[in-house]
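Numbers given in our numbering equal positions in the sequence shown, counted from 1, plus 365.
FYI, nobody ran anything at the bench for these hints, they're computed from the structure.
All C-beta atoms in this analysis are idealised placements derived from N, C-alpha and C, irrespective of residue type, glycine included.
One thing to keep in mind: the hints can contain errors.
Said to hold, decoys possible - Computed Cβ-Cβ distance ranges for the label pairs, DEER-style: (1) 579 with 428: 36 to 46 Å; (2) 532 with 611: 39 to 49 Å; (3) 579 with 495: 33 to 43 Å; (4) 431 with 497: 24 to 34 Å; (5) 620 with 431: 24 to 34 Å; (6) 600 with 466: 44 to 54 Å; (7) 607 with 536: 10 to 20 Å; (8) 428 with 585: 46 to 56 Å; (9) 532 with 453: 19 to 29 Å.
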Amino acid sequence: MRRVRTALAVALLAAAPALTACGGPTDASGASEPASGSQELTVLAAASLTEVFDALGEQFEADNPGVTVTFAFDSSATLATQAAEGAPADVLATADERTMEDAVAADAVTGTPTVFAENRLVLVTPADNPGGVRGVEDLAREDVDYVVCVPSAPCGDLAARALEVAGVDADAASQEVDVKAVLAKVTADEADAGIVYATDALAAGDQVQVLDLAGAESLITSYPVAVLAQAEANDLAARWIELLQSAPGRDVLRDAGFDTP
Numbered sequence: 366m367r368r369v370r371t372a373l374a375v376a377l378l379a380a381a382p383a384l385t386a387c388g389g390p391t392d393a394s395g396a397s398e399p400a401s402g403s404q405e406l407t408v409l410a411a412a413s414l415t416e417v418f419d420a421l422g423e424q425f426e427a428d429n430p431g432v433t434v435t436f437a438f439d440s441s442a443t444l445a446t447q448a449a450e451g452a453p454a455d456v457l458a459t460a461d462e463r464t465m466e467d468a469v470a471a472d473a474v475t476g477t478p479t480v481f482a483e484n485r486l487v488l489v490t491p492a493d494n495p496g497g498v499r500g501v502e503d504l505a506r507e508d509v510d511y512v513v514c515v516p517s518a519p520c521g522d523l524a525a526r527a528l529e530v531a532g533v534d535a536d537a538a539s540q541e542v543d544v545k546a547v548l549a550k551v552t553a554d555e556a557d558a559g560i561v562y563a564t565d566a567l568a569a570g571d572q573v574q575v576l577d578l579a580g581a582e583s584l585i586t587s588y589p590v591a592v593l594a595q596a597e598a599n600d601l602a603a604r605w606i607e608l609l610q611s612a613p614g615r616d617v618l619r620d621a622g623f624d625t626p
């Protein structure tokens, strides 16, 4: 599997999120080309789903010979806006129900969205923890720079609630577009701490130290998925959602750190 930036993302998706194409040969530019006569499924998905959807995409292609799956990963709010504007895609998966409700209100999806996974927030520091952060209360220290997602992103909205529960009243050093950007700041030692999803912390491995967000254990975000109104591959979209709800799909999600309904 390769991660590429394709003409689809640049020309037709307003914010040009990175695309991941599973399978297919490559042209001279390095972009993935579907095999002649193959079917394509395009999925818009929250950034926090990157690793697990990559794995599920490989499984889906193996189960459906001749199918190429392409992912556009970005913040949920950005993708919901693109979906409402008619971005050429088949499925939308967001990191919270509020954003999906916005997509429903905009008539961007068909049918009733299905919740397929849940996630929670944790506090992460660089591996060597240069700021000496031991818990969420340390984020209020003047010598600690921490980062969060922008408020419009599900991870930012949930982080704001977690900080309120913890009684932390200190501004973040920066607000990033999505959870991957927050994690990148921390792993690059550009921040002393960051608030990310547990699944992203797990994927980062030994690049980070992981601390619980005391008092925020009950703050859970649910991930809904739905077929887009402009979908051309409706049958494949339905099969993708079935995979997410299947026993093998739930196993992959749980292995990545998600909870499943």
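So, going through the hints one by one against the coordinates:
For residue 579 and residue 428, the Cβ-Cβ distance of about 42 Å falls inside the hinted range of 36 to 46 Å, so the restraint holds. Against the hinted window of 39 to 49 Å, the Cβ-Cβ separation of residue 532 and residue 611 comes to about 42 Å, which satisfies the hint. At roughly 21 Å, the beta carbons of residue 579 and residue 495 sit outside the given window of 33 to 43 Å. For the pair residue 431 and residue 497, the beta carbons lie near 54 Å from each other, so the given range of 24 to 34 Å is not met.
A C-beta distance of roughly 27 Å is found between residue 620 and residue 431, which places it inside the suggested range of 24 to 34 Å. For the hinted restraint 44 to 54 Å between residue 600 and residue 466, the CB-CB distance of approximately 26 Å leaves it violated. Between residue 607 and residue 536 the Cβ separation comes to about 44 Å, which falls outside the hinted range of 10 to 20 Å. Between residue 428 and residue 585 the beta carbons are some 30 Å apart, a value that contradicts the proposed interval 46 to 56 Å.
Checked against the hint of 19 to 29 Å, the C-beta distance between residue 532 and residue 453 comes to roughly 46 Å, which is inconsistent with it.
The structure shown violates the earlier hints numbered 3, 4, 6, 7, 8, 9.
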